[in-house]
Structures are given as C-alpha cells and as structure tokens.
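Peer 1: These protein sequences, in sequence, are chains A and B.
Per the working numbering, the first sequence starts with residue 1, numbered consecutively.
Per the working numbering, the second sequence starts with residue 101, numbered consecutively.
Derived from the structure by calculation, the hints contain no laboratory data.
Positions of the beta carbon are idealized from the N, C-alpha and C atoms, including for glycine.
A portion of the hints provided could be inaccurate.
[Unchecked claim] Pair by pair, the computed Cβ-Cβ distance ranges are:
no., chain 1, residue 1, chain 2, residue 2, range
1, A, Thr36, B, Glu132, 20 to 28 Å
2, A, Ile29, B, Ala125, 35 to 43 Å
3, B, Gly147, A, Gln17, 15 to 23 Å
4, B, Val112, A, Gly47, 23 to 31 Å
5, B, Gln117, A, Asp16, 24 to 32 Å
6, A, Glu32, B, Gly147, 38 to 46 Å
7, A, Gln18, B, Asp157, 34 to 42 Å
8, B, Glu132, A, Ile29, 39 to 47 Å
9, B, Gln166, A, Thr36, 32 to 40 Å
[As the list claims (entries may be wrong)] If you only want the chain A side, here are some residues facing chain B, beta carbon under 10 Å, derived:
no., residue
10, Gly10
11, Val12
12, Gln18
13, Ala22
14, Glu24
15, Ala28
16, Ile29
17, His31
18, Gly34
19, Phe37
20, Val48
21, Tyr50
22, Leu52
23, His76
24, Val78
25, Val82
There are 2 protein chains.
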Amino acid sequence: MARFMDVHHGMVGITDQQLREAHEADVAIQHEEGVTFEHAWADPADGVVYCLSDAPDADAVRRVHQRAGHPADEIHPVPLTV
Amino acid sequence: MARFMDVHHGMVGITDQQLREAHEADVAIQHEEGVTFEHAWADPADGVVYCLSDAPDADAVRRVHQRAGHPADEIHPVPLTV
Chain A
1 MARFMDVHHG
11 MVGITDQQLR
21 EAHEADVAIQ
31 HEEGVTFEHA
41 WADPADGVVY
51 CLSDAPDADA
61 VRRVHQRAGH
71 PADEIHPVPL
81 TV
Chain B
101 MARFMDVHHG
111 MVGITDQQLR
121 EAHEADVAIQ
131 HEEGVTFEHA
141 WADPADGVVY
151 CLSDAPDADA
161 VRRVHQRAGH
171 PADEIHPVPL
181 TV
C-alpha cells in the first residue's frame, strides 16, 4: 500500500453537499480496488479538490474516481509525510 | 481561523529529512503569524509538496513559508472538508 494525493480541477462552486456525495460515491466502491479514501479538501473559489488515499497503486485510485464519475486530473504518490 | 492547502512545485528529489527540516522551520516561527501547520505530503518524483494548515488568512501562510525559506507557489483556502 502507498499513499496518494490526487487533484481535481474545474470544480468551481462545489458545495459541501456535492463534496460529501462525491466522497461517498468513492467510498461505496473503493473496496473493489483496495483503496481507502481518507480525506478530501475543496477550494470552491478556485475549483480545486485534493483527495488523500491509501491504495495499491495510482491506477487503482484513478479507476475508483473514474467509475464514481469524477476522474482525477492528477494523481501523485506521496511517500514522504510529516 | 480557516484551513489552507498550499502547494510547492520544483521540489524534485526532496528527501524525508529535507521535508522534515522544512516543516520544522515553519513550525519554529508559525506562532508569530498565528498559523498551525498540520501535515505535509511530498511527491519527490514530480517535485510537488502539499501543506495543510490552519491560519487566520492566506497571507499569514505565505509569510511563514517565505520567512522559512521555501515560498509557496499556490495557497488555497479549503473551507470544505470530508
């Protein structure tokens, strides 16, 4: 398992409810790919969403987000954490 | 207080020790700006570092990182969290 930070752009105006529903859609299927989404943070003004997850690889993160209907624009392994 | 995600680019090859030293440099002065840096995540391959903080405003985050010697390239308020 490794840790990943993925980024979604173009989410200007995202609401708290939309963020929660998107997260729940990920969580509902994440076990099929061995992924655990831990947190998401959204900046509605700039339209950026950051998601932190544990996953076997970046493709597993990519597949969950894609199948849940909100493909990620960037997926970064973040092996270093403070 | 608000929550912020800031991003540093151009950090290709950053090591665990460098990330820790940078974080400690922030933490050493953060109280002067009322900022609390909570976590940082680094992708050494793509050279991206994400920092999560609580702060009175984005300028306070900007000042701490700048004074600590590693100015942020982006600072996003992230009022929505899951």
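Peer 1: Next, verify each hint and record whether it holds.
Peer 2: Here is how each hint holds up against the structure:
1. A:Thr36 x B:Glu132: 20 to 28 Å: violated (37 Å)
2. A:Ile29 x B:Ala125: 35 to 43 Å: Check passed, 41 Å falls within 35 to 43 Å.
3. B:Gly147 x A:Gln17: 15 to 23 Å: violated (35 Å)
4. B:Val112 x A:Gly47: 23 to 31 Å: holds (26 Å)
5. B:Gln117 x A:Asp16: 24 to 32 Å: violated (38 Å)
6. A:Glu32 x B:Gly147: 38 to 46 Å: Since A:Glu32 and B:Gly147 have Cβ atoms about 32 Å apart, the given range 38 to 46 Å is violated.
7. A:Gln18 x B:Asp157: 34 to 42 Å: violated (25 Å)
8. B:Glu132 x A:Ile29: 39 to 47 Å: holds (45 Å)
9. B:Gln166 x A:Thr36: 32 to 40 Å: Roughly 35 Å apart at Cβ, these two residues keep to the hinted range, so it holds.
10. Gly10: violated (14 Å)
11. Val12: Where the cut-off is 10 Å and the nearest Cβ of chain B is about 12 Å from A:Val12, the hint is violated.
12. Gln18: holds (9 Å)
13. Ala22: Nearest chain B Cβ about 8 Å off; hint holds.
14. Glu24: Holds. Min distance 9 Å.
15. Ala28: Given a least distance of 14 Å, the restraint on A:Ala28 is violated.
16. Ile29: Violated - the Cβ of A:Ile29 stays beyond 10 Å from chain B, reaching only about 16 Å at its closest.
17. His31: violated (17 Å)
18. Gly34: violated (20 Å)
19. Phe37: With Cβ-Cβ at 8 Å, under 10 Å, it holds.
20. Val48: Where the cut-off is 10 Å and the nearest Cβ of chain B is about 6 Å from A:Val48, the hint holds.
21. Tyr50: holds (6 Å)
22. Leu52: At 7 Å from the nearest chain B Cβ, A:Leu52 passes the 10 Å test, so the hint holds.
23. His76: holds (4 Å)
24. Val78: At 4 Å from the nearest chain B Cβ, A:Val78 passes the 10 Å test, so the hint holds.
25. Val82: holds (4 Å)
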